[in-house]
Amino acid sequence: KAGVTQTPRYLIKTRGQQVTLSCSPISGHRSVSWYQQTPGQGLQFLFEYFSETQRNKGNFPGRFSGRQFSNSRSEMNVSTLELGDSALYLCASSSGGPLEAFFGQGTRLTVV
Amino acid sequence: SQKIEQNSEALNIQEGKTATLTCNYTNYSPAYLQWYRQDPGRGPVFLLLIRENEKEKRKERLKVTFDTTLKQSLFHITASQPADSATYLCAATGSGGGADGLTFGKGTHLIIQP
Numbered sequence: 059k060a061g062v063t064q065t066p067r068y069l070i071k072t073r074g075q076q077v078t079l080s081c082s083p084i085s086g087h088r089s090v091s092w093y094q095q096t097p098g099q100g101l102q103f104l105f106e107y108f109s110e111t112q113r114n115k116g117n118f119p120g121r122f123s124g125r126q127f128s129n130s131r132s133e134m135n136v137s138t139l140e141l142g143d144s145a146l147y148l149c150a151s152s153s154g155g156p157l158e159a160f161f162g163q164g165t166r167l168t169v170v
Numbered sequence: 268s269q270k271i272e273q274n275s276e277a278l279n280i281q282e283g284k285t286a287t288l289t290c291n292y293t294n295y296s297p298a299y300l301q302w303y304r305q306d307p308g309r310g311p312v313f314l315l316l317i318r319e320n321e322k323e324k325r326k327e328r329l330k331v332t333f334d335t336t337l338k339q340s341l342f343h344i345t346a347s348q349p350a351d352s353a354t355y356l357c358a359a360t361g362s363g364g365g366a367d368g369l370t371f372g373k374g375t376h377l378i379i380q381p
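One line per chain: the protein sequences are G and W, in this order.
Take the first sequence: its position 104, counted from the start at 1, is 162 in our numbering, and no numbers get skipped.
Take the second sequence: its position 43, counted from the start at 1, is 310 in our numbering, and no numbers get skipped.
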């Protein structure tokens with residue numbers, strides 16, 4: 059079956075702009091989580107959605123938001139981009155139980 | 268705050284030997300520990316999950332242990348091969364399962380030398 063698909067793969071944005079990233083989970087998976095990965099901080103949890111509801115949120119400012127659609131596809135949005143938002147953004151899906159998360163290849167965001 | 272620590276230095280192992288990676292956790296009592304493999308430019312790939320009431324789990328050449336007294340998990344790759352070279356990430360979560368999100372260590376870069 060098809061894996062987790064993230065689009066776009068690469069993105070360059072200017073400070074102050076906003077960006078929307080997309081994630082299509084594995085068919086049948088209802089849980090989608092988002093992570094930010096940087097060399098300094100490693101992988102950090104952003105938020106998790108299950109059946110269109112945000113169940114948990116990591117320690118990130120309100121500029122980071124997300125949503126999930128009825129078909130389980132998810133988007134995350136970052137507004138008022140800062141240089142420090144440059145990172146690899148990873149989406150993971152699971153069936154909702156523990157916990158074997160399947161990750162996409164990520165979106166590499168560069169803020170200039 | 269809860270912390271997952273892995274040895275940040277690269278681990279060099281000769282082909283055929285057993286590689287052992289360490290994951291320590293503090294200020295935390297995770298219900299589950301997981302190990303992932305990440306290759307450059309790619310997302311992590313799930314390898315093994317172990318529950319707090321399990322001492323050991325095996326899958327082919329992989330073995331993971333969970334010691335709640337030492338607050339530590341060990342990940343072993345036996346009969347290591349150059350293709351096992353990658354970064355290995357330890358991740359923990361609480362009893363809420365996926366809803367809690369995963370807390371990751373920063374990973375250990377494993378190099379298997381032929």
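Where hints are given, some of them may not hold.
What the hints assert, rightly or not - Derived pair list, reagent style SDA-like, types lysine to any residue, alpha-carbon separation capped at 25 angstroms:
no. : chain 1 : residue 1 : chain 2 : residue 2
1   : W       : Lys-326   : G       : Phe-160
2   : G       : Lys-71    : G       : Glu-158
3   : W       : Lys-270   : G       : Ser-144
4   : W       : Lys-373   : G       : Gly-86
Just so you know, these hints were derived from the structure itself, not from any lab.
Note that the structure is a prediction, hence the values are computed from the model and not measured.
Checked hints:
Of the supplied pair hints, the one linking Lys-326 of chain W and Phe-160 of chain G holds, its CA atoms being roughly 18 angstroms apart against a limit of 25 angstroms. Distance restraint check for Lys-71 of chain G and Glu-158 of chain G: the Cα-Cα separation of roughly 32 angstroms exceeds the 25 angstroms cut-off, and the hinted pair is therefore not satisfied. Under the criterion of a C-alpha separation no larger than 25 angstroms, the hint pairing Lys-270 of chain W with Ser-144 of chain G is consistent with the structure, at around 23 angstroms. The straight-line distance between the Cα atoms of Lys-373 of chain W and Gly-86 of chain G is roughly 30 angstroms, outside the 25 angstroms bound, and the hint therefore fails.
The structure fails hints 2, 4 (numbered hints given earlier, in ascending order).
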